[in-house]
Amino acid sequence: MLVRSKATFPTLRSEGAILPPDLLRRIQEGRTLDGLTPGDYHLPAGTRLNEAVGRSWNALRGAWAAFSSARRQLPEADPGTTVTRERWLLHLFAELGYGRLLPGRAVELNGKSYPISHHYGHAPLHLVGCNVPLDRRSAGVAGAARRSPHSLVQEFLNATKANLWGFVSNGLKLRILRDNVSLVRQAYVEFDLEAMMEGEVYSDFVLLWLLVHQSRVESARPEECWLERWSQAAALEGVPVLDKLRQGVEAAITALGQGLLEHPANRELRDSLRQGLLTPQDYYRQLLRLVYRLLFLFVAEDRELLLTPAASAEAKRRYHYYSTARLRAMAERYAGTQHADLFAGLELVMNLLGTTGEPALGLPALGSFLFSQEATRDLHGCQLANRQLLKATRALAFTEVQGVRRPVDYQHLGSEELGSVYESLLELHPEIDTAAATFTLKTASGNERKTTGSYYTPSSLINLLLDSALDPVLDEAVKGKTAAEAEAAIRHLKIVDPACGSGHFLIAAAQRTAKRLAAVRTGDDEPAPEALRQALRDVISHCIYGVDLNEMAAELCKVALWLEALEPGKPLSFLEHRIRVGNSLLGTTRALMAEGIPDDAFTPIEGDDRQAASALKRRNRQERQGAQPIFETFAEAAASPLPLHFVELDELPDDSPTAVRQKEARFAELLASEDYTLAELLADAWCAAFVWPKIPLPNPLPGGERKVVKPITQADLFKLRATRVLPEEQKREVKRLAKHYKFFHWHLAFPEVFNSTASGTSALSPLFPISYPLSPTNDGFDVVLGNPPWERIKIQEKEWFAARRPEIANARNASERGKLIRALKDEDPELYQAFAQAKRQAEGESHYARSSGRYPLTGRGDVNTYPLFAELGRSLPNQRGRMGMILPSGIATDDTTKFFFQALVETKTLASLFDFENRQKLFPGIDSRIKFCLLTLSGAARPVQAAEFVFFALDPADVRDTDKRFTLSPEDIALLNPNTKTCPVFRTRRDAEITKAIYRRVPVLVNEGTGDDPWGIKFMRMFDMSNDSGLFKTREQLEAQGFTLRGNHFVNNHSRFARVKTPSPLVGEGRG
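Numbering-wise (my numbering), the sequence shown opens with residue 27 and increments by one.
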């Protein structure tokens, strides 16, 4: 709970943000909200709200005293249901305007019984005895025997559309609940009635009276009640607050960067920047990590998860003076001084969390790279003025909306907020002037955000994708199993996002998987928070994998996962082996390496010499001919101990600082092992062949440039495999290219996932004679999720030069822009070289996609990342797994991706495709006309006979519209589009059925596959102004040549021209 909220509402607890703390404050204060007049509460004219609340308080104090006395006389085994209702809760609800509540009957829905004790209109009120816990089942107690009271009400609200809000109470606590079927953790507002009445906390009773009053749930339709209207208003207001938070993070980084740079004591930091020992980008990354630490502490403190459970009251009191809660309170009131004591205290806390912890402060040893000195090595020992630290804290801790300063609700901060903050930071780059000691952040077109193509995904779309991609896997994992077997099956699931960003998809998947795990363990469909938190730690430690090209995105992903899995007193889970940095698209496989380096690897790209490339291609072909595939065979791979070692690593505990350090050391030992380094060098060398500079070999190069190293060809790989040795110069170049292109080999990054060596040929039609390794049943991930970048792998010159040389970006046309770029060779050779290198990298990545054999279905033409990710995603799951991705709809309808879509249809692996138009700005960062889809694939061992489709959806709710949702089998698609086999598009199910009925009776014009031409139609091209421009003349030209207008034609003695409608006044020639 928020520390500041606790002071405001000492007996209130809020989970899940259905009614955020700021909204509760506004309700209590009676400001800026509708629905808070005496008339809105049905009070008689002339009666003020405070008078009515006061009368209820006085009446209920007596009822509480009588109830407390009767409660003390209850036998220990008595649930106390009658005493609690008759002596207390019925009086409470009568004072809140409900009158005398009458018991209700159990409600039957979808074959389930919900024995809720009372109902009022659309609101269920489940009132149980004071000895009945709300979050645990109680055997033999009505309304709590099969499910906990909280779960019973929550499941009822989730199961019916007629009820949105409800209440559950055991007399000691009262909770307000809302339908939260899309959420996986509990969401409620809880009042501690016992603490409120015993402590006479009248201010909290005022809020309870205003929130729980009968008028708050009274309405003709549940979505029109005041509780729902307030909740929706808070959700809408959260959007501008989130935008302000993004600005706050930018302001905080600027304050920290400027403050550290300008402090007189930090000369060593300035010298490192001045001498180039510390780059501006590395400085920026260390500042980002400092902000990550602050965000982590804000959330952990406000959720009361930071300090150890055994921390004494004295330790908690001491920690308060070092806490970020105190920093935030000071930032609200004070500007700060030039002293540096606050940063020194903060640094002390961070160092203790990263090392040994401190029992005297209640601090645990969290460990992890985030809190290590290495993460902020150049900031260690620096000083920061209180003024700048409080300025940074103020920017992070508060937002200002319509002139009102509001604290940020860090208790309920989720991955969506963390991710959206980071998305904005990807556009920024630092500018530093060490002489003037200034630090600023600038936005540049073509910077990291554009490079990574990131657009943040709304939770509504993620939940929809989890329904189709994750839920079926979870269902199969528990089907027909005992509780112990189901628990083991869930814990062994492997879920990955190959472009994980800040972890939004992974956290949503972890939460849903953890809820299922906790439900299996407890037998309760709505598990208690403690059970869910334990399950989350298990799932995040054992089931979640992620890869991202951006190092800071991967680090933020780990922060977000740690916040989800944080358990008081335990260190942060070891995630270094699960969240990896690299280019998911640039890597090889065992099957590809076994076939050797393809000759097309030596096709020249930007900067290569064509003759040198041709010579290398000939040499590689000769080296491949007649050679046995002595490269790593599948039998040898099966004998490799690496998968087993990584499985053992995964099973090591990480519930103590010592255990985490041992796990970290073992991981480092495995990466440094001879087997791993050789396998990695072989894979890197294979990939390096595609992007190796192909330049004539005489050395050194003119001008003293880096001398050319002999490129890797097939013979080099044979030698490396046989001798385990590569010449040092080649080895250095392989490592340089691997680092530059961030090669990522899935079978080496996650050996425990790809631990089988069997391979197969794709079950594609004869049209696709492509060797395509499909995963054996247990070889691969169970679920692949994500919203990967949608970007062409090609330098966009206008964007690249927009911030660097605007006059080039704003050139009138491509020809003029090309001249200006070529002129840079003499005017600005450094910029020209940077552009050439960027262009070479883009061409190298495209060349790899087209020529490596990794993407036989989508590596074509001007390569875009999204179809490559789709094909990658298809190859990563095991044969019973699922893939779900958000992609442009062209994946199913465009000519460039038709081979991929045909393969999905013919192998019956297409499960569903839900197409959206962005007109409601689900993705605010892209054009409203853009179409995207939620694509779900099934493993080869789980064929789908008829895939589900929706087209032209605007909102996620449209996908559930039975009139819009329809199915198509592979036979249907072949019937409708026999030539292209791309996806037919229909607006409604009825349109699809009518069209199929027509096509069953009437043949297509021409079936190119069978040669059938039942209609005998010939397609011919008439004259057009592109190909036949010489046949068209203007009126002026004809009159100058002696033609005269007769009727509608221009004629002379030999020719006749007919008038045609064109954008310009032209006529076309005809002889006659």
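Everything labelled a hint here was simulated from the structure, so no lab data went into it.
Wrong hints could be hidden among the right ones.
Straight line, CA to CA, 27 Å or less: simulated BS3-like cross-link-like pairs of lysine-lysine [claimed, not checked]:
1. K1044 - K924
2. K138 - K643
3. K745 - K765
4. K736 - K865
5. K934 - K947
6. K934 - K820
7. K757 - K745
8. K643 - K761
9. K768 - K745
These numbers come from a predicted model, not from an experiment.
For each hint, the structure was consulted:
| no. | hint | verdict |
| --- | --- | --- |
| 1 | K1044 - K924 | holds (25 Å) |
| 2 | K138 - K643 | violated (69 Å) |
| 3 | K745 - K765 | holds (23 Å) |
| 4 | K736 - K865 | holds (23 Å) |
| 5 | K934 - K947 | violated (33 Å) |
| 6 | K934 - K820 | violated (33 Å) |
| 7 | K757 - K745 | holds (13 Å) |
| 8 | K643 - K761 | holds (22 Å) |
| 9 | K768 - K745 | holds (24 Å) |
When the structure is compared with the earlier hints, violations turn up for hints 2, 5, 6 and for no others.
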